[in-house]
Each structure stands twice: as C-alpha cells, then as structure tokens.
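Asker: Given next are the chains, with one letter for each unit.
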Amino acid sequence: MSDERTIPEDNDDVIAAELSLGLLSGDALTYAQRRVRTDLRFASLVEDWDMHFSTLTETIEPVTPPNGLFEKITRQAYPDSPHRIWRWLGVLPAFLGAGAAALVLILALQYGNYMQPDTPVASLAAEMIAEDESIIVAAAYVGDSNTLFVEWQVGERLPDRDVELWLVAEGEAISLGVLSKEGKITEFTVPAELQNLLTGGALAVTDEPIGGSPTGAATGAVLAVGPITTL
Amino acid sequence: MTTRQDIEDMINRVALNDRAAFEALYTATSAKLFGIILRVLKDRAASEDVLQDVYLRLWQGGAQTFATGRASPISWLATIARNRAIDRLRRVKPVSNLDGVAEPSDPALGPEDLAVASSERAMIDACLDELQPDRATAVRGAYLDGDTYADLAARFDVPLNTMRTWLRRSLMSLKDCLSR
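Protein sequence lines, in the order shown, are assigned to chains A and B.
Counting the first sequence from 1 gives a position; this note's numbering is that position plus 501.
Counting the second sequence from 1 gives a position; this note's numbering is that position plus 11.
Simulated from the structure, these hints should not be mistaken for lab results.
Worth double-checking, as some hints may not be accurate.
What the hints assert, rightly or not - Coverage of chain A stretches by chain B, computed from C-beta distances (three or more under 8 Å per stretch; other residues unrestricted):
1. 512–521
2. 544–554
3. 557–568
4. 572–578
As the list claims (entries may be wrong) - Heads up, incomplete: computed chain A residues facing chain B, CB under 8 Å, no partners named:
5. I508
6. L524
7. S526
Said to hold, decoys possible - Below are the DMTMM-like pairs computed for lysine to aspartate or glutamate, each with C-alpha atoms no more than 25 Å apart in a straight line:
8. B/K53 x A/E632
9. A/K573 x B/E19
10. B/K186 x A/E510
11. A/K682 x B/E34
12. A/K573 x B/E34
13. A/K573 x B/D64
14. B/K43 x A/D549
15. A/K573 x B/E141
16. B/K186 x A/D708
17. B/K186 x A/E572
18. A/K573 x B/D20
19. B/K186 x A/E559
20. A/K682 x A/E632
21. B/K43 x A/E548
22. B/K53 x A/E634
23. B/K186 x A/D633
24. A/K682 x A/D708
25. B/K186 x A/D549
26. B/K53 x A/E562
27. B/K43 x A/D633
28. B/K186 x A/E657
29. B/K53 x A/D513
30. A/K573 x B/D29
31. A/K573 x B/D136
32. B/K43 x A/E510
33. B/K43 x A/E559
34. B/K43 x A/E572
35. B/K186 x A/E632
36. B/K53 x B/D156
37. B/K43 x A/E657
38. A/K573 x B/D145
39. B/K53 x A/E559
40. B/K53 x A/D633
These numbers were taken from a predicted model, which means no experiment stands behind them.
No residue lacks a Cβ here, since even glycine has one placed at the ideal position from N, Cα and C.
All chains should be built: construct the whole structure from the sequences, respecting the hints.
Answerer: As structure tokens, this is what we get:
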C-alpha cells in the first residue's frame, strides 16, 4: 500500500501507538507518559493499542516456569510467611543477598514491634540447594539454646517418604533427624558432642523411607547440600 | 478449562489479597507469561526475574488497576509481561545503538503461521498485511524485540528520520484499518 501522507507531529493516535510499542525516548517519552496519567482520552487510546498489539503474543508458546518460582514470589509477597523467623534470627540478609536489603527494611519497619530484646541470634546458617534449584532448605543454628531451625522452603514433599537431615563433617554423615511434615519449620536440638563439628561442616537432606533411614546411614538420594557458614 | 471469566475473577480476588486466587492465577497464566517474556528477553535467568516481578507487582496492588469488562484479562496480563520484559531489555541494551547488529526477526511469527487466529488477531494481522512487508516487520520487531526507532533504522539501513516517517505513516494506516 502506498501512503505518502505526512503525519502531523501532534497526532494523538500515532503518539499513543508509538508509546505502546515503546518507540519513544527522551522528552517525547516523558511527555507521553505524563499525558497517560493526566488525559483519560489519551490513556484510552494507548490502552486500545496495547490490546491490539497484545494479540501478537497469542502465537507464542507457553513455557512452564521452573518449580519453586511461585514459592519464591510468595516468600516476598506474604509478610507472615515462615520466612519471618529467619529475619528474627538475623540470617535473612545472608540468605537473600544485598539486593533484598530493601525488603528486609520494609519487614523490619512493619514488624519492628516483634523484635524483643531476648530474640535469639543465630551464629551459623546453611542453605541447602538442589543442583537444579528445585529444592531449597534453609537452616540456622542458635548456639545459646543448641537449636537448629530448618525450613523446607522450596520443593515438593513426597507423601510416602521422609526427608532426613545430615551433618556432614570430617568425612562422615551423621543423622540429625527427620524433617517434620507439619508446618515448614522443624527445630532440632543438636547433641553436645556434635556442636563443635558444625563450624566448617555442611548440611544435607536425603530422601528416606518414613521414619528415616533404617540403617543409620543415608539410603536414598541426596536432595540438597549446603555448607555451614558463620554469621 | 479456565475461562476468561475465571481469570477476571482471579485478578479481582488477587486485588483483595486472596492467596488461593493468587496461586490459581499463577497456575493458570504463568506459562503463557513466561513464554512471552522469554520470547522478548531470550534469557532464562532474566526471564525468571521478570516473571517474579510481574506477579509480585500484581499482588502488591497491580491487580487493583485491572478494569473489569474493558480489556481481555489475558491481553492485559500479556501487556504487563511484555512491557516489563521490554523495560528489562532496555536496562541491558543501549537505547540508541545505531551500530548494533540487528537479529533477524523470528520467522515463527510470520502471518502465514497464524493458523487458528482469534478475531482480534485476525484483525491486526490483516491490517499489518496491508502495510508494506518491511514496515509490518518493523512494527512486530518493535513490539516483540523492543526495537527503538534507532534500532529499526540500523536494521533497515535508512536514516533515523526516514524510519520515523515510515513508521508513523504505517501506524496511521494501521489505525485506519483497525477502525474500519
């Protein structure tokens, strides 16, 4: 189709289309974005274009996102998720990295009143991650009470199997017990003779029959492993 | 089978912070949105980031901006996913790199492949077909590859202003066609 018309610079239909396609930059972009917020008629032109152009996505094949992504989203979306305990224990920033500092700040402001002076402070932490990231298990150790908090964060639990936690130190794997199926966090009391082995060791979870390994050594697949780090 | 009405209901319930609806919406729509984001970014890790961001924003107030009855809920979600992906693309790609080597546009998106077209898609495709082929390609490239005027000028090897004049005329023709 031959079309030699000159389109006036102030043609709203065209500006709306340019904005919808993302062609604008600089002052023109700033101006168009401001008009969307202040001019309902212009905003509805942009919306019309959005709807027309969005049909270009209809032929794109769906791709299933990786397992666990929704859990990652809800961990950020739901402020009362079990994740909060990690903040209490002072290990959340270590798990989430510096990029999540803003989130931690928001949680602190929102839930600051929960911060009691006697809040336990974790001295060691580990994050066990499967190679394909389909399973993530977080752990934090509070030395004052010899308590190890372990949270099954991401991944499916099999109904007819248990997950067993192991301390890997000095070339040996020592069972610490079976993860609870009720609730996401299990508390383990670490026997006195094992406490010194935590530093420099690693934690691992394996797939085991109900009740844990019958032999005292891991019998099933290693689901996830992570080194224990000092906080 | 999830219907358009189901998706609308889910979005409206997510606006009220209904967690079951949030999970249902994710289950029903995440694969489609992930496909769109991957198509734009062509990078899995970055696409996962953007997908997380899209749903997190929906939960944190975005769903409240959905106007029931005005837009198709899937088109609305697709637009958000595409726009967030383009934003991400712009952050890593220089905006007006005239020397950039343009990738060939994806042949899978050619109009001949759109066998079972919805009436809306049939409409925009028919209207794009009325444009000169390279201009239709330019419009698709802008939408799905995030090409700016400068990128398109480089790809088609014409001066920036020429590209702009071409495309503005094409958009006007498209508008005329869509309102027929």
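Asker: Please flag the earlier hints that this structure goes against, numbers listed from lowest up.
Answerer: 15, 16, 17, 23, 28, 29, 31, 32, 35 and 38
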